[in-house]
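Using the sequences and the accompanying hints, generate a full structural model.
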Amino acid sequence: MLPFKSLTSSKQLTPKIIEQLFAVIDDMAASIEAKGRIELLDDKVVALLFFEPSSRTMMSFQSAAQRLKAGMVFAQNAASTSFEKGESLEDLIRMVESYSDIIVMRHAMPGSADIAANTSKVPFINAGDGGNEHPTQALIDAYTIHKKKGRLSDLDIVFGFDSLQSRSIHSLSRLLAQYQGNRFTFTGPGELEPSASLIKELEDLGAQCTVTSDVNLHDGYDVAYVNRLQEERFENRALFEKNRQKYRLTKADVENSGCLILDPLPRIDEICTEVDDLPNAVYFEQASYGVPVRMALLAMLLGKA
Amino acid sequence: MLPFKSLTSSKQLTPKIIEQLFAVIDDMAASIEAKGRIELLDDKVVALLFFEPSSRTMMSFQSAAQRLKAGMVFAQNAASTSFEKGESLEDLIRMVESYSDIIVMRHAMPGSADIAANTSKVPFINAGDGGNEHPTQALIDAYTIHKKKGRLSDLDIVFGFDSLQSRSIHSLSRLLAQYQGNRFTFTGPGELEPSASLIKELEDLGAQCTVTSDVNLHDGYDVAYVNRLQEERFENRALFEKNRQKYRLTKADVENSGCLILDPLPRIDEICTEVDDLPNAVYFEQASYGVPVRMALLAMLLGKA
Amino acid sequence: MLPFKSLTSSKQLTPKIIEQLFAVIDDMAASIEAKGRIELLDDKVVALLFFEPSSRTMMSFQSAAQRLKAGMVFAQNAASTSFEKGESLEDLIRMVESYSDIIVMRHAMPGSADIAANTSKVPFINAGDGGNEHPTQALIDAYTIHKKKGRLSDLDIVFGFDSLQSRSIHSLSRLLAQYQGNRFTFTGPGELEPSASLIKELEDLGAQCTVTSDVNLHDGYDVAYVNRLQEERFENRALFEKNRQKYRLTKADVENSGCLILDPLPRIDEICTEVDDLPNAVYFEQASYGVPVRMALLAMLLGKA
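Which chain is which? The protein sequence lines are Y, D and U, in order.
Per my numbering, the first sequence runs over residues 17 to 321.
Per my numbering, the second sequence runs over residues 17 to 321.
Per my numbering, the third sequence runs over residues 17 to 321.
None of these hints come from the bench; they were simulated from the model.
Remember, it's a predicted structure, so these values are computed and weren't measured experimentally.
Just so you know, even glycine gets a beta-carbon here, dropped at the ideal spot from N, CA and C.
Treat the hints with caution; some may be incorrect.
[Unchecked claim] With a straight-line cut-off of 27 angstroms between C-alpha atoms, the simulated DSSO-like cross-links for lysine-lysine are: (1) LYS267(D) to LYS163(D); (2) LYS85(Y) to LYS51(D); (3) LYS85(Y) to LYS163(U); (4) LYS267(Y) to LYS164(Y).
[Claimed, not checked] Residues from chain D that face chain Y, not an exhaustive set, calculated with beta carbons under 10 angstroms: (5) SER71; (6) GLN78; (7) ALA80; (8) SER213; (9) LYS258; (10) ALA303; (11) SER304.
Printed below as a string of structure tokens:
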């Protein structure tokens, strides 16, 4: 049993809760392998509200629901819902809660997840609220690191390349800061450094934080967690191009570094495809954990695991 | 058993049929409560064709199908179907009837539901055809009124605020006009008065009709059924704003009036949020009946209830 | 058992394999009739990736999956996926393969199906790759002809009216060219004649090919396989209108010709609706085989039939 009804922030994912969740995730992965689909949520209906584009999160939640034989209802397309006509988020949630047993929502507005969770009578999962949080991604990331390293503490972790706006970086760093002895190095263009408030929040939890424009993965890092730069974040195309060239992991950067490479994906330019076959490139394995992780969350929040 | 294969108009929903349907709706609501999902339509496939935006109707039909364990096929997005390329509605229906056991369609063209129902070999449900009819909504509305008032006859009902174009008002008034002793008061901007042909139709059925620009809910009304004004219906923004201010239910309008407030939703400005917590504000309860009502219709039209 | 993991081209559909598939399709059609839905793929999840508009193919694949009780995951809308942001097709497939047991994809780029099939660890089905191939449609078409004629060899077949760009014509002609004694007559506007390379490919397989701008269906043809002209293929509207008038089957063209009329649909102007009730107009029957054909392919590629 989880001590909360809804998951909106990775701050809720404490080491004790993570330990419980990992055991359930292992069971879910084993059930996919052995049986394909199980009847665990056969009597439940999951609402999937994706008001922003999504491929990985949307599809892996669908797959998770289907592997547990839950029913699904969709309001996938913002443009095709009344929501666009001026209906409030509260009203929308009051509707959807009567059509489903649990609500999963992605929404462009930071903080929308809290509004929805506070309104909803049924459990709620934040599948990304603007640049704020993406706690289910953080759980996937933590599960991947634990699989490979056997621990979530005493780790040297590089975060890049847009620590300012990446909700995945925000959520994972908040999760890992709750463990002992973690050191975070944020790297990327100066424009995209993490906010001072995030740094303060992480340091208050006990993490050691460094911000730098240059990192060498051969300097003893355990994990590099990177994602793409977006052109619209830069003043002009030339500046974007310069940074895109600089913040791109090559085979030489990664090979024999002993550093695990994670990426929430999609991957655009931030990792050269020549890196894909290296043993420490684990981003596709990481993506594959999306299904058992989301199965575990759905099942636990519905009191079935 | 229903005496028709397809539901296109609330005129088909006679008091005798309503009585049968209400019993099945009660059963469906109880089954959701007790079991979450039941196997009643486990061997059926429901086609959901929403060629116009929808959130409530679409999602509650999905939920209804899933709670009965029916399979679903979608052609949700008009823009993503061949339909846009110039295919006729008849051809489209001839295709979908071979992919499913029952067809649910929303379509922008008034009268499209009749064309589809006449073409289809499988049962068909009108989920809204332009400004014409929305009979499943009318059934939800009638069920809500009956739940709260214990009767569908001898009622004083206010309809507003766009009686000209609201298919929900058209369908509900046609349904209720078949009962004894109902009195309808249509209110709203002069531009949006009900058509003379609707009034004549309702009076021919025995309903007493009044059209007025002003109503006081404290004057002994049993039910007020309202929905939003749409800016595009008015000559200019100023006129729209004036009417929006005027046709908006406040706490003072509603409190202690003894008048039930219904709204097919989405709610924009027509009801202040301060009204939500009053005991006679039943629009969210009304929305929640979407699932059992649509379960009952699917099951009965497929000969399973 | 099929001798391949993925289906990308109708060239894989040899006479021997077609014979096996037809037996399974018959079984699937019988199971729909008798039971509505069966548990055959109850432990599987099917991914449906439609990155181009589709109604028939999309909906019949959904129906096929639901009739076999498979789970489904969707990435229906190209505009709502990360794919648009610059992610490679290979990366996309590496993600989806971990969310599903089989992948069905429609994509605008000719050759995309081969890239996806070569990348994917799970079976893959090409549901149309640009103007290249549409092998599941070819199987539906061949099944329809076989049902009606009792054979797939020694047939005189007319193809029209856009043999240059129709992937359905490409795939069906490649399938039928593998049978003995087939004669193909391609007809339509000069701009839309089949490519020399397609003709060579078909002749190398043993088919006799003729290209002509005029055909009389009363001249002993067994089958006419036609589809619509698209305005954008012509230099100007006048030329398009001229060709649209010319390449349109009327009742007089078809009646008493003894020639079966097939069309992958949607039908726009290429067949007058007056033709629909003639006994040799089989295009709606053809459309109805979409479900059992796709059930057979899903089941066989998953090793369950």
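Checked against the structure, which of the hints given earlier come out wrong?
Numbers 3, 8 and 9 - these are the hints that the structure violates, sorted from lowest upward.
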